[in-house]
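Keeping their order, the protein sequence lines are chains A and B. Okay, so the first sequence: first residue is 142 according to my numbering, each after it adds one. Okay, so the second sequence: first residue is 1407 according to my numbering, each after it adds one.
If you are wondering where the hints come from, they were derived from the structure by calculation, not from laboratory data. Predicted, not measured: the structure shown is a model, and the values here were computed from it. One thing to keep in mind: the hints can contain errors.
Below, in silico cross-link-like pairs of lysine to aspartate or glutamate (EDC-like), each with a Cα-Cα straight-line distance of 20 Å or less [claimed, not checked]:
id, chain 1, residue 1, chain 2, residue 2
1, A, K680, A, E740
2, B, K1586, A, E178
3, A, K903, A, D825
4, B, K1441, A, E178
5, A, K903, A, E740
6, A, K417, A, D272
7, A, K903, B, D1598
8, B, K1471, A, E908
9, A, K224, A, D280
10, A, K875, B, D1469
Derived CB-CB ranges, DEER-like [as the list claims (entries may be wrong)]:
id, chain 1, residue 1, chain 2, residue 2, range
11, B, G1436, A, K691, 41 to 47 Å
12, A, P829, B, N1470, 38 to 44 Å
13, A, A646, B, E1505, 55 to 61 Å
Even glycine gets a Cβ: it sits at the ideal position worked out from N, Cα and C.
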Amino acid sequence: MTNHWIDIGNSDCILIMGSNAAENHPISFKWVTKAREEHGAKLISVDPRFTRTSSKADFYTALRSGTDIAFLGGMINYILSQKKYFQEYVLEYTNASLIVGDKYSFKDGLFSGFDPKAKKYDQSTWAFAMDDKGVPKRDLTLKNPRCVFNLLKQHYSRYQPELVSKITGTPVADLKKVYEMYATTGAKDKAGTIMYAMGWTQHTVGVQNIRAMSIAQLLLGNMGIAGGGVNALRGESNVQGSTDQALLFHIWPGYLGTPNSKLGSLQIYNEKSTPKSADPLSANWWQNKPKYVVSFLKSMFMDAATKDNDFGYDWMPKLDPGKSYSWLDIFDAMYQGKFTGFFSWGQNPACSGANSTKTRAALAKLDWLVTVNLFDNETASFWKGPGVDPKQVKTEVFFLPCAAFMEKEGSLTNSGRWAQWRYKAQEPQGQSRPDGDIMVELFKEIRELYKSEGGPLPEPILNLYWDYGKDGKFDAHLVAKAINGYYTQDVTVKDKTYKKGELVASFAMLQADGSTSSGNWIYCNSYTEQGNNMARRDKSDASGIGLYPKWSWCWPVNRRILYNRASVDLKGQPWNPNRTVVKFTGEVKDGKYATSKWEGDVPDGGWFPMMNPDGSRRDDSKYPFIMQTHGFGALFGPGRNDGPFPEHYEPIECPVEKNLMSKQLTNPVAATYATDQDVYKTCDPRFPFVATTYRVTEHWQTGVLTRWQPWLLEAEPQLFVEMSQQLAKLKGIKNGEKVLVESPRGSVEAVAIVTLRFQPFKIGGNEIHEVGLPWHYGWIWPADGGDSANLLTPAAGDPNTRIPETKAFMVNVRKKGA
Amino acid sequence: MAGKSFLIDTSRCTACRGCQIACKNWNQNGVEPTKNVGSHQNPPDLSGSTFKLVRFSEHMGKDNKPVWLFFADQCRHCLEPPCKDVIEGYADDGVVQDEATGAVVYLPGSSKAPFDEVRQSCPYNIPRQAADGRLVKCTMCIDRVSNGLIPACVKTCPTGAMNFGDRDAMLALGKERLAKVQKMYPKAQLLDAEQVRTIFLVTADPKLYHEFAVAGLAPGISRKLALRKLFRPARELAAKVKVG
Chain A
142 MTNHWIDIGN SDCILIMGSN AAENHPISFK WVTKAREEHG AKLISVDPRF
192 TRTSSKADFY TALRSGTDIA FLGGMINYIL SQKKYFQEYV LEYTNASLIV
242 GDKYSFKDGL FSGFDPKAKK YDQSTWAFAM DDKGVPKRDL TLKNPRCVFN
292 LLKQHYSRYQ PELVSKITGT PVADLKKVYE MYATTGAKDK AGTIMYAMGW
342 TQHTVGVQNI RAMSIAQLLL GNMGIAGGGV NALRGESNVQ GSTDQALLFH
392 IWPGYLGTPN SKLGSLQIYN EKSTPKSADP LSANWWQNKP KYVVSFLKSM
442 FMDAATKDND FGYDWMPKLD PGKSYSWLDI FDAMYQGKFT GFFSWGQNPA
492 CSGANSTKTR AALAKLDWLV TVNLFDNETA SFWKGPGVDP KQVKTEVFFL
542 PCAAFMEKEG SLTNSGRWAQ WRYKAQEPQG QSRPDGDIMV ELFKEIRELY
592 KSEGGPLPEP ILNLYWDYGK DGKFDAHLVA KAINGYYTQD VTVKDKTYKK
642 GELVASFAML QADGSTSSGN WIYCNSYTEQ GNNMARRDKS DASGIGLYPK
692 WSWCWPVNRR ILYNRASVDL KGQPWNPNRT VVKFTGEVKD GKYATSKWEG
742 DVPDGGWFPM MNPDGSRRDD SKYPFIMQTH GFGALFGPGR NDGPFPEHYE
792 PIECPVEKNL MSKQLTNPVA ATYATDQDVY KTCDPRFPFV ATTYRVTEHW
842 QTGVLTRWQP WLLEAEPQLF VEMSQQLAKL KGIKNGEKVL VESPRGSVEA
892 VAIVTLRFQP FKIGGNEIHE VGLPWHYGWI WPADGGDSAN LLTPAAGDPN
942 TRIPETKAFM VNVRKKGA
Chain B
1407 MAGKSFLIDT SRCTACRGCQ IACKNWNQNG VEPTKNVGSH QNPPDLSGST
1457 FKLVRFSEHM GKDNKPVWLF FADQCRHCLE PPCKDVIEGY ADDGVVQDEA
1507 TGAVVYLPGS SKAPFDEVRQ SCPYNIPRQA ADGRLVKCTM CIDRVSNGLI
1557 PACVKTCPTG AMNFGDRDAM LALGKERLAK VQKMYPKAQL LDAEQVRTIF
1607 LVTADPKLYH EFAVAGLAPG ISRKLALRKL FRPARELAAK VKVG
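This is chain B alone, in the form it adopts within the complex:
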């Protein structure tokens, strides 16, 4: 499938958080009254005003040397997005999947869908709710991309950790980078590359980065995915009937 994709190469990420701030800036998102709770990760989680978040995790590696992993979390823009199915079950003006890019973009009508259900449908725990009830998340900077610009997070990244382009090119880049990175980090891998448009290249076990780094890690996800596929024809039919 064509369209666009991100490649997030964590081997290059220094957690400068330029992407996190650039995202807030472009989307003119507000702030949360944060406290330091014993971690540099702040805000503590994605939220109605935080679509991009650098997650920090540390553990002890070999030779008694720490390992510090950074995960610039955001919507994966799944090729077959389960959240879209759920929202469409409740509203026909709640979400679109942009044809040209494949971006999954929530619309104001998303407020009609029950937030918990949408959030639980996402294998990556991405959707959040804004104060006005709309469901929100990364938009792939669709307003920028459709005007020939790259997403704000990619534009600001100094190290090349954030990459964006045609899906084929990103897949190829991902494979090329993986081959190189594996020489230093044998456990390096691409996460769910065939299913998503935000492809992470990680250097270690994805569980060490983040609970929802990869689909299927959290219990129930695979069952949910299966159910989604099972029920989709019925929902699509229902949607069509409603539109008709």
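If we strip away everything but chain A, and leave its shape as in the complex, we get:
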């Protein structure tokens, strides 16, 4: 989230799309309800299925799964053509006025630079035009046909409501109603927010779904303000934390890109991956990246990391250029027999991953598998699963029982970027141990083996800094402090001396010379010499908008709303004085700001405003979107792998032969796989129905924790498949009876819930049915609970993130025996 949970209560219009927040984030509805009741906020729910969220909406409408960009493209078109955008904001704070270079074009569904053989774009063709100083050219009159604003208009003029309706199946009147309601937040004293989740991300156009909404939010001036933002509702209590700490292949902690093997030294890596801006008005905050990289390397190797050895850069794993190592790729390689061993830690891939049929087969190719979990699960026991003969499985499986979250101390980072400390409620049960203890012991043994036996490249293991526990016990405080960072030597800055071993107070102090360490620069300031900020529990709030700055701690530097300098006008005064996020209160002399002072949230940089009270521009200010190289909110986003503007493509499996927007049916750079388990079918009469997956309140993820909880299981005991009355009639299915759901990859048995809440879609004159089922179940328990819905889903991924397309695929549904 750019904003945070409480801030939803500040919104005037809440769009919930790609999410079923009432069900999967029940507490969020405290704030949704508050916004509606206290100042009449409108709630819009857009979902293929009428959900518990929809039941509370002021307006609900449906769309076919996988057509969100068509829907949102229509919204962008509406905002532009009806002039609902926030003119001053768009002109000053977004890249609307920037001129795009001559090489950029868009034709027949493809952006310029497409290489059909490599299925890749040459992104350099999307670059901005630069002046002789290397600053992007701008046209503040917005008349230049090559400025972003006009290219945007041109691109989305194609998204007419009638055409969008034919793609999404949403009635034209409903589209217009949603556009109209949401576009009212383009007024400078109105805020609109989006609450989205896996309904948007888990598509081969997942990133572009979010980009489309980001464009709408920028046009309406909804970024940086209270009650606005782009808000991802994370699917687990600590997903934000695990992302921040880089539980992903393509980044190091704090969103520092993982180097590839072509970047042969720290210097080359820094040169190639540190953005440069020649514009004095652009903060280009990522120019500080080398400081964060070196501080990270110091945290990894501490004293062993020196300037002479590139701070241990060579010891860090490198990617093969152009190669992806995501979940989908790992299991693809495993299925091809390219792994000998696998640690399945706190997860259940036999049920959670797309195409679990393939995943389960892949596990049998391993020599050994270690599972660390609270309860038995379908991964740990895959060797005795349905259709598996244990005698034929060579994999040796080890099960390490681990402690539950309430049996250990540590921090969780919620969707709103708040790192909240929590305490141990009770001792772990039986032989179970905290994950940290298991890791501490494991690492000790591995290091001993490297010491005694050597092996290829032992340096990273032997030199790794590992002061994270005592007597074999993991200490969460030591880890939290290392994440924050230390001075690694005495440092004197402006008459103040910081001693070696002192905690660094803020990432502004981090250095590229090895004098500081920080395991994750964005968490620098979370645990300082003043104490553990994550453990703060002060409920005071002077902001009046629910910032609660002394409750826990929020990255970065306790800034509760990102890009908050976009919430003020050029003179630093709030667009909406009733919901002030930050406000400039420096002294004025002769019509000019003379001293600098901001009030409210921690401002996104403490520079002077862009304009003095007398209307003169200042040259010591910075544009508000400081993480963007050029300082502007990105309407045109040349950094993504699949294009600078979101474009509608059909899912890899879809019910239509033609993409009505262009000749390009699917995302040309989407990730697909080629094993015999990777079968994708479009317009195949054997799989005529769109399917989607989701969750219910009562279960969590694959249900490893909740299926053993009798009260929860009692409330949602079995896998179900929801379908319309029309489809049930067509297939002779009665409510409550067991049916088979089959995809090109697998099949599951499920109880039919025949409901008014699914209605068929009119797609290009045809009636298209959609069904949906949750992925919480597995064969281990309960006995008649059904198996994972991911046995059906395809391993096809977004080209940027490789998140799988589990929200739109094709199935058949039939009566058992029919």
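Fit chain B to the supplied structure of chain A, relying on the hints for placement.
Chain B only, in chain A's frame:
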């Protein structure tokens, strides 16, 4: 009459079922071996181990848009509880009405009263029988409330659908909420507010929520209520004689 009351504002309920599970947790109630029978409502009904149940009902509303209603059903803790009259006719250690709160709480002696008769006396179809023969239902978390805590279902509710407090305050809150909710839902109403301590605010015709949402909907109830009033003096006399 003073004491306590619930206000259950269905306009805020998202059917997260936190209340249903919290009730089971606080009362340490067991589970039933449920199946999905084509509905999310589960267990299918109140039972000896289920005192609080979120009922789901769907129908087609205007503009061809579905309406999904949630009804967090539980004992209404009637000001003049007919079940109490029936149980007292059979046992003097079967039920109490707590003076401070007005909570109607069944005691182990309730097993002496015929279950069917007690159940039929309830206009809301609430009483159930535990495996050991006791009659059971929501206790208003009397053990929590008498120790200064709010009922478990109210404590867990994230949206403010479940409210609990002094009766006057709940009645006032109910009226205030009704006035606001009626702007969006003209058919909104408070159910039997003057007769019960569990006051539901509904946004649509109560029949659409649940057959027993409001007293008098089920046939025979009003007659039963009338009979109860008619016979009460005799029963009270009988009870007194028995005690004496």
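- Check each numbered hint from earlier against the structure, then list the numbers of those it violates in ascending order. 4, 5, 7, 10, 12
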